Structure formats: C-alpha cells, structure tokens
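Those sequence lines, one after another, are chains A and B. Quick note, the first sequence lines up with residues 1 to 201 if you use the UniProt record's numbering. Quick note, the second sequence lines up with residues 1 to 473 if you use the UniProt record's numbering.
A hint or two may mislead.
As the list claims (entries may be wrong) - One side only, chain B facing chain A, incomplete, derived with CB under 8 Å:
{"hint": "1", "residue": "H14"}
{"hint": "2", "residue": "T18"}
{"hint": "3", "residue": "G29"}
{"hint": "4", "residue": "Q40"}
{"hint": "5", "residue": "S148"}
{"hint": "6", "residue": "Q157"}
{"hint": "7", "residue": "A160"}
{"hint": "8", "residue": "P313"}
{"hint": "9", "residue": "H326"}
{"hint": "10", "residue": "L412"}
To be verified - Here's a subset of chain A near chain B, in silico, CB distances under 8 Å, partners left out:
{"hint": "11", "residue": "D25"}
{"hint": "12", "residue": "Q26"}
{"hint": "13", "residue": "P29"}
{"hint": "14", "residue": "L33"}
{"hint": "15", "residue": "D55"}
{"hint": "16", "residue": "E57"}
{"hint": "17", "residue": "S77"}
{"hint": "18", "residue": "R85"}
{"hint": "19", "residue": "R151"}
{"hint": "20", "residue": "S153"}
{"hint": "21", "residue": "S162"}
{"hint": "22", "residue": "K175"}
{"hint": "23", "residue": "R188"}
{"hint": "24", "residue": "T192"}
Unchecked claim - Restraint-style ranges between C-beta atoms, simulated for each label pair:
{"hint": "25", "chain 1": "B", "residue 1": "H328", "chain 2": "A", "residue 2": "R188", "range": "27 to 33 Å"}
{"hint": "26", "chain 1": "B", "residue 1": "H328", "chain 2": "A", "residue 2": "T8", "range": "46 to 52 Å"}
{"hint": "27", "chain 1": "B", "residue 1": "P331", "chain 2": "A", "residue 2": "P197", "range": "52 to 58 Å"}
Keep in mind the hints are simulated off the structure, nothing from the lab. A quick note: this is a predicted structure, and the numbers were derived from the prediction, not measured. Positions of the beta carbon are idealized from the N, C-alpha and C atoms, including for glycine.
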Amino acid sequence: MSGAERVTRVEGTGVPVRGDDIDTDQIIPARFLKVITFDGIGEFAFFDQRYTEDDEEKDHPFNEERFRDASILVVNSNFGCGSSREHAPQALMRWGIDCVVGESFAEIFAGNCLALGIPTLTADAESIDALQDFVDANPDATITVDVADERVSYGETTVEASVDDTQHSALVEGKWDTTALMAANDDRIAATAASLPYLDG
Amino acid sequence: MSRGTLYDKVWDRHRVTTLPSGQDQLFIGLHLIHEVTSPQAFGMLEERGLEVARPDLTHATVDHIVPTEDQSRPYRDAAAEEMMSALESNVGERPIDFDHPETGRQGIVHVIGPEQGLTQPGKTIVCGDSHTCTHGAFGAVAFGIGTSQIRDVLATQCLALEKKKVRQIRVTGELGEGVTAKDVILAVIRDLGTDGGVGYVYEYAGPVVESLSMEGRMSICNMSVEAGARTGYVNPDETTFEWLRETDQFADDPERFAELREYWASIRSDDDAEYDDVYELDGSALEPMVTWGTTPGQGVGIGDPIPDPADLPESKAEVARRAQEHMHVSPGETMQGYPVDVAFLGSCTNARLSDLRDAARVVEGREVHPDVRAMVVPGSQRVKRAAEAEGLDEVFRAAGFEWRGAGCSMCLGMNEDQLVGDEVCASSSNRNFVGRQGSPEGRTILMSPAMVAAAAVTGEVTDVRELPEVAVA
Numbered sequence: 001m002s003g004a005e006r007v008t009r010v011e012g013t014g015v016p017v018r019g020d021d022i023d024t025d026q027i028i029p030a031r032f033l034k035v036i037t038f039d040g041i042g043e044f045a046f047f048d049q050r051y052t053e054d055d056e057e058k059d060h061p062f063n064e065e066r067f068r069d070a071s072i073l074v075v076n077s078n079f080g081c082g083s084s085r086e087h088a089p090q091a092l093m094r095w096g097i098d099c100v101v102g103e104s105f106a107e108i109f110a111g112n113c114l115a116l117g118i119p120t121l122t123a124d125a126e127s128i129d130a131l132q133d134f135v136d137a138n139p140d141a142t143i144t145v146d147v148a149d150e151r152v153s154y155g156e157t158t159v160e161a162s163v164d165d166t167q168h169s170a171l172v173e174g175k176w177d178t179t180a181l182m183a184a185n186d187d188r189i190a191a192t193a194a195s196l197p198y199l200d201g
Numbered sequence: 001m002s003r004g005t006l007y008d009k010v011w012d013r014h015r016v017t018t019l020p021s022g023q024d025q026l027f028i029g030l031h032l033i034h035e036v037t038s039p040q041a042f043g044m045l046e047e048r049g050l051e052v053a054r055p056d057l058t059h060a061t062v063d064h065i066v067p068t069e070d071q072s073r074p075y076r077d078a079a080a081e082e083m084m085s086a087l088e089s090n091v092g093e094r095p096i097d098f099d100h101p102e103t104g105r106q107g108i109v110h111v112i113g114p115e116q117g118l119t120q121p122g123k124t125i126v127c128g129d130s131h132t133c134t135h136g137a138f139g140a141v142a143f144g145i146g147t148s149q150i151r152d153v154l155a156t157q158c159l160a161l162e163k164k165k166v167r168q169i170r171v172t173g174e175l176g177e178g179v180t181a182k183d184v185i186l187a188v189i190r191d192l193g194t195d196g197g198v199g200y201v202y203e204y205a206g207p208v209v210e211s212l213s214m215e216g217r218m219s220i221c222n223m224s225v226e227a228g229a230r231t232g233y234v235n236p237d238e239t240t241f242e243w244l245r246e247t248d249q250f251a252d253d254p255e256r257f258a259e260l261r262e263y264w265a266s267i268r269s270d271d272d273a274e275y276d277d278v279y280e281l282d283g284s285a286l287e288p289m290v291t292w293g294t295t296p297g298q299g300v301g302i303g304d305p306i307p308d309p310a311d312l313p314e315s316k317a318e319v320a321r322r323a324q325e326h327m328h329v330s331p332g333e334t335m336q337g338y339p340v341d342v343a344f345l346g347s348c349t350n351a352r353l354s355d356l357r358d359a360a361r362v363v364e365g366r367e368v369h370p371d372v373r374a375m376v377v378p379g380s381q382r383v384k385r386a387a388e389a390e391g392l393d394e395v396f397r398a399a400g401f402e403w404r405g406a407g408c409s410m411c412l413g414m415n416e417d418q419l420v421g422d423e424v425c426a427s428s429s430n431r432n433f434v435g436r437q438g439s440p441e442g443r444t445i446l447m448s449p450a451m452v453a454a455a456a457v458t459g460e461v462t463d464v465r466e467l468p469e470v471a472v473a
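Let's have the full structure, built from the sequences with the hints guiding it.
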C-alpha cells in the first residue's frame, strides 16, 4: 500500500442538518453497531431522527428526495460529540457524504473523518446559517469546497472556511492514510519503545 | 503552549517522529480492545496483509454487548454472538491477553485496566471507546480512537496525532456531605460546556481532586470527553501508587514497583509548569448535581431551578428548548420530585466497588419504590465478587434491585438492557443523549450512585442528603 488519494477539492450538492451538539448516538444509534463490518450501515444514518418507532418517516433532510444525492453535509456546532464510534462517519460516508462543513466538530469525530479522507471544514455561525439556507433553497446547486485554499463557494458567494493545519496537509498531500507512513519508521518506533521505562523488552 | 506539564512530558517521551502531514507519530504503551470497534480494524489489517505489531501491548475484553442476565453461550442475540465470536477468533489467533468471561477478569474495559494494574502513570493508552480518558486518573495520557486508528495501532503500535493545549481545572475547597466526584465533573461540564474542551486536554488538580480516591478521580476523568476535551488526567501521587502496589502487575514484584515509581513521580507536572488556561471551581459550593436535559452539560444542583432557554446564549438556547421538550421539564422548576421508572447503577463512570458501597449505604434498610425497575451492573467480575464478599449484593437484592453480571449494559443499550418507550432512568452513567439507552423516547437523568440509590427507593429525583437515616439491624 502506498499513500492515499489527494483530497484538494470536493464538489457536489448540499444537505443541511441543523442543530448544535448532534452526537454520534444520533448519527448512528448504538443498536446498529452490532455488526462486524461497516457495509450497509449507510441506511441507518440518523435513523431515530428519520423514523418513528413504527418505522414511519419523520421530517429529516436525509429523508427528503431532493437531498438524496447530496455529498456535502452542512452542520452547526460541536457536531459528532459523544462516542468515538467510527460507525458515525462511516454511516454518513456510505449514505453519500464526502465532506462536512460546520461551525465546529468534536475532535474524535473529525479525526475519524480524516482517517476516511472526509474533510471537515469550519466557518463562523453566520456563514454556516447562510450556507444552510442556500442549500435548503437550492438543493440542486453545486457547492465547491476548496480544501487546499480553505474556501467554500456556492452561487455568487465564496466564504472562508478553515481546515486544521494537520488535516490540511494530510488531505492535500494525500498523507491521510497513516498506516504505511508510520510503519515506514520502524527503527524509530523500536528506539522509542526501548527508551520507555515501563517496557522492558 | 503548555510547558512542563505531565501531558508535555509523556508526549515527548512517546513521540517517534513528526510525519510529513505535520502530525506527531506517537508510540502507544497500551492498546485496549473490545468487541464493538475492533472487528472492522482486524478486517482492514487482513485486507492489507498486515500483522499485529505488538500483541504483548494489546489487551482485550468484552463489555458492550455481553448480556448481564443469561450469559450462557451461544448468546440469545445472534448479532451479539457473532461479535463475541469475531473477537474470540481475532484474538485467539494471536498472543493477545483476553479477559474472556470465563477468566473471572472480564468487565468494562475502563474498569479492568486500572484494577489489573495495566493502567499506569506515564503510559499512553488508547481504545476504540471515547471513555478511555478514564485512565487519565492514573496520570496516563489516554484517549478514545476510531476504528481506522485501531488499525494503525494494531499495525504499528503508533498513532498520528496533533498535540493539544492543556487547561488546568483547579477544584478548591472541600466537598460537602453527599457531594461526590460525579457532581464535580457534572459542574465542570455545566460551567465550561460540552464543547468547552475542544482543542484541550484537562488536567484536574487542586485540593478536592488531590483528596479524592482513585475511583473518584476515574469518574472525573471518565467524563472529560463529555466536556469536549480529548482527555483528562490527574497527576500521580501517593494515592495512585498505593492503588498500583496492590494490583496484579506489582503485588508480587515490589522491585519492579519501586523502579517504576521513580518514573511515575518524574512525569508529574512541574510546580512551575505553564498552562494554556486555568479554570477554578469552588468545590465547597457544590451540591449533588442532576441533569435536566439531553447533554451532560445540561445539569443543575439539586436545589437549583432549571434554566430558562431565553436566558442562555443564543447558541445554547435552541438545544435547551428541544431538550426541555424531550424531558418534559419547564424553566424555574427544580428536578426534585421528577418521577423515575428505572434506576441504573452501572457504567464505566460509576460501577466500581466504592460506587456500589455508596449506593448500598443509601439502600440498606429500604425498599425500591414499587414503580421502579432497579438494577446494579458491576463494572467487572472482580467488582462483583468483591461486592458479594462484603454482602452488598444482599443489600441490593433485599431492597428489590436486580443483581447482574458485569458489562456496559444500560449505559448505551447494546445488550438487552434498554429503556422502553419514554421511560425515565436515573443513571450513574455518562450520557443522557436522546436514544442513548436504547429507546428514542427514553429519558436519562445523570447523577451520582448515591443519588441513583435515593431515586430508586423514593421513585423520584431526590436529594440524597435529605433522606432520613434508617436504623439497620
């Protein structure tokens, strides 16, 4: 295995999911974690927000036909807080999401997204509100997320959106798949291990 | 940036190199795995033809899906049986220690690490579970990771990470009667917010933290992630060392204990360490805390009114409105007297022996309210045996509690222990998110073990300090 694909730009239509503190239990409820592969979990994204206990559809953007092909998720603050389950970004990815733009993200969630090559960009609350309104009104409009230049463009508007420094270089340089990168440093790994007092051989 | 803190010292000692992405490659001293987040990672390893680099630094248990009632195999739930079998086969092929239920050591991953002495000061510890921050109570740098990162650790014993800032949280004064570590951390999260710790690790310090037992420190560190912090820790001291001295790792090896004790003492934050931020909380002013909403930050002192969303910052108001609707509570009320259907004493936050003792003291001589279903789920098989040796199981059973096997149970409802419909649960666990306990309509109120016990016997949210003394024969 070599390096990962470069992620410099994501283009697609958007889907707004509004609200602060949307936790990973909401993104994928625990009962759907009883699986030994991630295959097929896309259909369970936001399950309890989308269906009643009698399996009737509730109002949720992920249920709306007009957002069905969306690939850019627009959220508010502290998105992905709670459990470390990678099932959450895996479910979003398998539903069709390639990129998330929001006010702020929980760190484990953002790290899990990075491991999948999904950029998480942040912008101020006003820009996010405006983008959510735009996406809502224009579900077919293309949003361009420029990861390299840290900008999001839609309609006539371009807003600054930041990508954290390490995520930026990992994605833009195609270094987000870290297994091979780290394994290449095996001599240094051994030296570090040898220097730790609590490991004795 | 911080300088001279435990976090800085442990980070520096474990830093292998800086990667081209700018992230640090960090060596991991202990990798804990369980059945829910590891099978996909083992699958990824196999896809790439990779081996587990350090099975000797990998330790497995099963906690999330194990039934706590009928544990005979195959499990009644086919999906749970499949996950258990996958773990057995992934681990069985390799020399990885596995606390299988038959070993008598099985339990919640954040309970068994500390009780076996695997959790030590100055170690880096990771697990595919966000509450790995619990191990920070020992002065370890410990945090939860996702499944792709589990793959990285299995393959290389390393993680690619960026360093965080350090906020010291000083808890001053002393805790009043009936006020516990759980109340301290619920107050911290109320004050600083569920996203207040993003970008930080939390160092808990000050006289209240120093005077806490290891169990209390674990409860605090456990909920660091609910504060948005990647992890939290307490500097190791005599309390820490005394705990470790009696564990499996050191009970028969005092020489090794003495050697490592020097290292443990050396990684404490320096007296003149520099922090990126310091926050002070007056422990003397705290009351028992309960949550009124659907995030751990939505908590109040038991005597305090539930806030009016209109008085909250705009960014918090909408979340608060929705939470109050879900919980059927109104601003200005207190949580006292809120009826409870279920009492759950368990989870990696509060299912240790001292938690069971705290609750048993309240329960002894009383009966569970007829409208309440109450259960105790010990954090590990050892906790369960130790509690039975003291007769705590009899206290709980006599009062009408169910006495269960060890596991995560109703904290997240991945086994059969779940809320039904809009049941209300007084819970010693860590999350009150909508749907967290298995029912999308379920309502969770977080509180300390003693407060759970009080709610179980009165059938409503109750200030444990106001329960009259019961004469026990």
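Of the hints given before, which are not true for this structure?
-> When the structure is compared with the hints, numbers 2, 8, 9, 15, 16, 19, 20, 21, 25 turn out to be violated.
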